[in-house]
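S.K.: Dock chain R against the given chain L, drawing on the hints supplied.
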Amino acid sequence: MSDEHGSGKVTRRDLLKRAGVGAAGLAVSGSFVEPAWARAKAWDASNTIKIGFVSPLTGPVAGFGEGDPYIISLARHAWRHGTTIGGKHYKVEVVTKDSQSDPAKAAQVANELIHSTGVDLMLTTSTPEVVNPVADACEAAGVPCVGTVDPWESFYFGRGAKPGGPNPFRYSFLFSFGTAQFAEAYTHLWKEIKTNKHVGVMYPNDTDGNAFRDNLIPLLEKAGFKVFDPGGYQDGQTDYTSLISYWKKNKCEIFHCAPIPPDFTTCWKQAAQQGYAQMCKIAQLAKTGLFPSQIAASGKLGPLLASGAYWTPSFPYKSSLTGISSKHIGSGYTKKTGRQWNQQLGASLSLFDVAQAVLHKSGNPKDKNKVVAAFRHLNVMTPSGRLHWGTGGKHNPVPPVVTTPIIGGQWVHTKKGSKFPLDFVLCEHSGDPNVPIQAKLKPYRG
Amino acid sequence: MTWFAAVVHGILLGGFYALLASGLALLFGVMRIINLAHGSLALVGAYMSFLLVEHTGMSTYLTLLPVLPGALIVGYLLQRTMLERSLRAGQLVPLLTTFGLLIVIANLLQKFFSPDVHSLDEGAIGTAAWQATSSLAIPWFDVLTLGIAVAVLGGLHLVLRHTQLGRELRATASDADTAELLGVNSRAVYARAAAIAVATAALAGVFYGMRTGFDPNQGGAELLYAFEAVVIGGLGSLWGTLGGGIVLGVSQEIGAQINPEYFALGGHVVFLAVLVGRSMAQASRIRYALRRLA
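Residue numbers (the working numbering), protein chains in the order written: chain L, 8 to 453; chain R, -11 to 282.
Pulled out of the complex, with its shape left as it was, chain L reads as follows:
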């Protein structure tokens, strides 16, 4: 009753207040001006650490994001009682967003996390189409950001850094493989089988394809392989006869490709029809062939395809945040979801290990400059291995980037009675000798 009475009487002061709120709303929708309510929220949230997580859950590269909900549940569980940093107790809130495999959408959700959620640290993963726009948004807004699974040359040079120039990035960091890691794995793996060292490559005319063409081919040729590149076809091509006859003509006993997954299936079925697959001793996949479903799609042609891994359950490392070993990340995922492990599980969980370590090292997780400063000489154990910033050299080629290895291996039939038909076994460990070799590379055909 009294409420009604009160609201009936609009004083001049009330009216001004309401008009003010409306104006603030307009200002927000136009350019971003920090109004009083935003400051108030920041004060309320001073004992809650907010961590944003952007990954592709839908769209063409959604295969990468398949295990992310499980990994996030592990991190949330580890942080369920919060964490104590510099003597102060904080609640930790993880806010996740789907990039929908679209760079524009990735930038949009990153900006939402920065401006309306007000995250203290951004985590992002899986392909340059996700990581690069998110890192750019964070760089622009001055929010610390860590990414992974994005070839580091694409992350660093693709966003405007100049070779040999100073590091232009202050807020964005990355741990990932690069061309050198691919070259290292391939040159070791391919020497396990006697071939004529002729490599037929299938690189599309897209960002990844051209990166392989420009950076990997010279490294392979330096290692003594002869590379036959028919040229960049377009993603989604329906017939590959001209490429296949080129590889056949040049007797390429090694095949390497970096296509989008459906294109590989199309090309490889045609290669089998036209007799190329049969003469191929090593068929090495990049970009596709990461997940068991992609190999299963090739049917009988799937087993013995070679691939590379940035994490598998046989990595001898533990997540420092959750204390879970690589082996149990894989088995836990299968137990919870009924699906087979995939490489992205370890990489995604590593992001949360880095988050925990850097926030602790900063002493004050709410101070963005302190968090950024804490990346200097950050040293953290993750399922992907030990990450150590600030060492320079091979594993820290540019200041914001730590490289992680690619380990070469092969898809093989599992033993009878296994839950899944195919498994990935590691056949070399040049990138990280602590990772156990599980089998010797077998010839594909030929």
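Hints listed in this document are in silico derivations from the structure and should not be mistaken for laboratory results.
Keep in mind that the hints are not guaranteed to be accurate.
Computed cross-link-like contacts, EDC-like style, restricted to lysine to aspartate or glutamate with a CA-CA straight-line distance of at most 20 Å [unchecked claim]: (1) L/LYS325 with L/GLU146; (2) L/LYS255 with R/ASP104; (3) L/LYS373 with L/GLU100; (4) L/LYS423 with R/ASP104; (5) L/LYS307 with L/ASP430; (6) L/LYS307 with R/GLU42; (7) L/LYS256 with R/GLU156; (8) L/LYS201 with L/GLU228; (9) L/LYS377 with L/GLU146; (10) L/LYS307 with R/ASP104; (11) R/LYS99 with L/ASP105; (12) R/LYS99 with L/ASP109; (13) L/LYS426 with R/GLU42; (14) L/LYS343 with R/ASP104; (15) L/LYS307 with R/ASP109; (16) L/LYS426 with R/GLU249.
As the structure is a computational prediction, the values presented were derived from the model and not from experiment.
M.R.: Below, chain R alone, put in the same frame as chain L:
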């Protein structure tokens, strides 16, 4: 010899395009609907076949027995519930409706089948080929696809020419109102045409699934090529669609033979040339008619 091989592979590829385009041509020919969801409906066919193979272990070819009648029903209902209403609202609305359908289907497929890539097993002929010469291997599967395309288009042609349904379809296509006056139920005719179109889409989808890997977001590029085949073939003409598919396939293969980057370009250039040529021919016909009037 490799040029000869490129042409042969182009013809076989054209058969695949024609199969994919047949439903598109029918729907456009009869109802003037450009069905942007055609590729997605094909994909649904492939997924249904995949589901049956996974659960029953039957051969992919046998899955056509339940999938095709199912697609007929889906097509019929689609026409009755969505296309019919949007057709009433004007020419542009069906375009928007089918575009919306495309997005809905892609997201539903992703929801139910995950974003994984799948492929259908094409049986023993999958990797078999006839080694005609040292540089030319003719895959039996592609020959089968071309054969099915010819059979589908030929079958549709016979139905249109020689059956009561065909006569009603043609009458409705040329003038729905007059056909109604003569006792043709145009609603029923449209619904049957849509049912047949969706069934051919599903058939093409199963072959598509055997030919390539597919995921829920697939079907865009192939739909574009199928559409080009329809346009090159003369918009809605059935045999023209087969010819259009072959012309497109051969020009893509020849483009790729020059340089793999020119695969799509080769097709697009011929497509453009046909469009320009046709409009110039039309313009000269108009000029000729004007001169005769003057």
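S.K.: If a hint holds in the structure, say so; if it doesn't, say that too.
M.R.: Consistency of the hints with the structure:
no. : hint                   : result
1   : L/LYS325 with L/GLU146 : 30 Å, violated
2   : L/LYS255 with R/ASP104 : 30 Å, violated
3   : L/LYS373 with L/GLU100 : 13 Å, holds
4   : L/LYS423 with R/ASP104 : 24 Å, violated
5   : L/LYS307 with L/ASP430 : 14 Å, holds
6   : L/LYS307 with R/GLU42  : 15 Å, holds
7   : L/LYS256 with R/GLU156 : 55 Å, violated
8   : L/LYS201 with L/GLU228 : 17 Å, holds
9   : L/LYS377 with L/GLU146 : 15 Å, holds
10  : L/LYS307 with R/ASP104 : 18 Å, holds
11  : R/LYS99 with L/ASP105  : 14 Å, holds
12  : R/LYS99 with L/ASP109  : 18 Å, holds
13  : L/LYS426 with R/GLU42  : 15 Å, holds
14  : L/LYS343 with R/ASP104 : 19 Å, holds
15  : L/LYS307 with R/ASP109 : 9 Å, holds
16  : L/LYS426 with R/GLU249 : 42 Å, violated
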